[in-house]
Amino acid sequence: MIKTLRFLSLATCLATVGFPAAHAFAEFEDGWRAYQKGDFTAALNEWRPLADKGNSLAAYNLGVMYDEGRGVAQDTEQAMLWWRKAAENGHARAQHNLGLAYITGKEMSQDYAKAVSWLEKAANQGLIRSQYSLGKMYASGLGVAKDEKKSFYWIHKAAQEGFVKAQYNLGKMYRDGTGVDEDRRASAEWFLAAARQGYDKAQNHIGVRLAKGDGIEKDETRALKWLILAANQGLARAAENRDSLAKTLSPEQRKEAERLAREWKPEKTSARTY
Amino acid sequence: MTPRRWLIIAVIACFTVASSPQTWAEEVKTSPEEASNFLSTLGKEALATLSDQSGSLEEREARVRELLNKSFDFDKIGRFVLGRAWKQATTEQRTEYQKLFSEFVLRTYSQRLGGYSGQSFKVIKSVPLGKKDALVTTEIGRPGGAPPLLCGWRVRGNNGNYKILDVTVEGISMLATQRSEFAALVQRNGVDGLIETLRLQVSKFSAQSSSS
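Heads up: the protein sequence lines correspond to chains R and P, in order.
Residues 887 to 1160 in my numbering are what the first sequence spells out, letter by letter.
Residues 22 to 233 in my numbering are what the second sequence spells out, letter by letter.
Okay, chain R solo, but in the shape it has when bound (with noise of 0.2 Å):
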């Protein structure tokens, strides 16, 4: 007798809240299938109603089709209006493209400090595209007051996370204290991380800080290596500074640094550079 109250008191929990979240689910799932296929029309049939039921994940799909002319016609302002609502649910990556629509949307819409509140939210979230994308903007200026110490934030917060493009800015922000102490140390270090990485400008860099022994350990075999690799990837200050080294270094040197740049592999990067 008690097991069956508990089976009928869970088979109503089932069907009051259980059902109706697995059914929303496997209707975002046949919309993500839908999508895969490039059928549109039956993904947004999918995503619509869930999207209007208050399903976060749902609306953000909508906004991107919205802003992609997916399906519909590219449309940003019905892009920020899913967006939004996915956003205000807490939705990190509704909060970053709403962010960035603020600002490269039509200049209509532009508001820049409705973008940096956006996409501070997502960077707190730890969205690291939001994180350097805040470091980025407090850099330049771009719709923000020019602020050194929060750009050096969260482009340090972004190349903790592996963030190569963050790695690389970092190491120019120690070079020339800008919103931090200057360090010459520091600087090569993240110089170091991000050419490790496969970055052409930060293995320039780190191949002349090895040259002349600059905040790291002087050592012309592994100069000569970086500054080969990054000349391979067509960056022709690179090229001249190999060059000029090459001059200097021993036969066996030069052998030994092209030995280490034939069996050099990039360390696994970050899936996008921006």
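Hint data in this document are derived by calculation from the structure and do not stem from the laboratory.
There are no misleading hints in this set.
Pairs of lysine-lysine, DSSO-like flavour, derived with a Cα cap of 30 Å: (1) P:Lys225 with R:Lys923; (2) R:Lys1104 with R:Lys1133; (3) R:Lys1036 with P:Lys225.
Put chain P on the given structure of chain R with help from the hints.
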């Protein structure tokens, strides 16, 4: 393009040819027929990539971006679009801008053109454009009764190597649109501001699955 505008172009073309017989021999002219072949091959490859359902939509579009990347002359396009600001820009700004601009264009076009299941693609016509180029008109058919998309591709050939210089979608030129938008951005926020805005544009997140 209206017949009247064609007439004007034709008149200009005739005039140019007639008035400069010496340079005429040296001009590298793009054969409309070969430009048409170039675009039709590109279209077929892109469609094949998009209809291969083995990867995710994002992966398929990344492959289309690569195809387009090889086919656009981004050096010329990017420089033209930046207009007068190109001269003010430093070398570092130029490289950064060119990288972001090509990414921005590729992203936009692979999204706008690609992705749909059951698309069709055909070349409608190809005619000479200006002194050196060909204008290839294509029709992209969409499933579900959506009207077909008409695109014009300005193509320049050089020793059998073909590159796209401009795309006109529904009569609107990418070059002209971007050039005026960018000029306004540079005026307001400088070259750095334009670069930052482009970077923000390409850092948007795309559609998200329930598991990521």
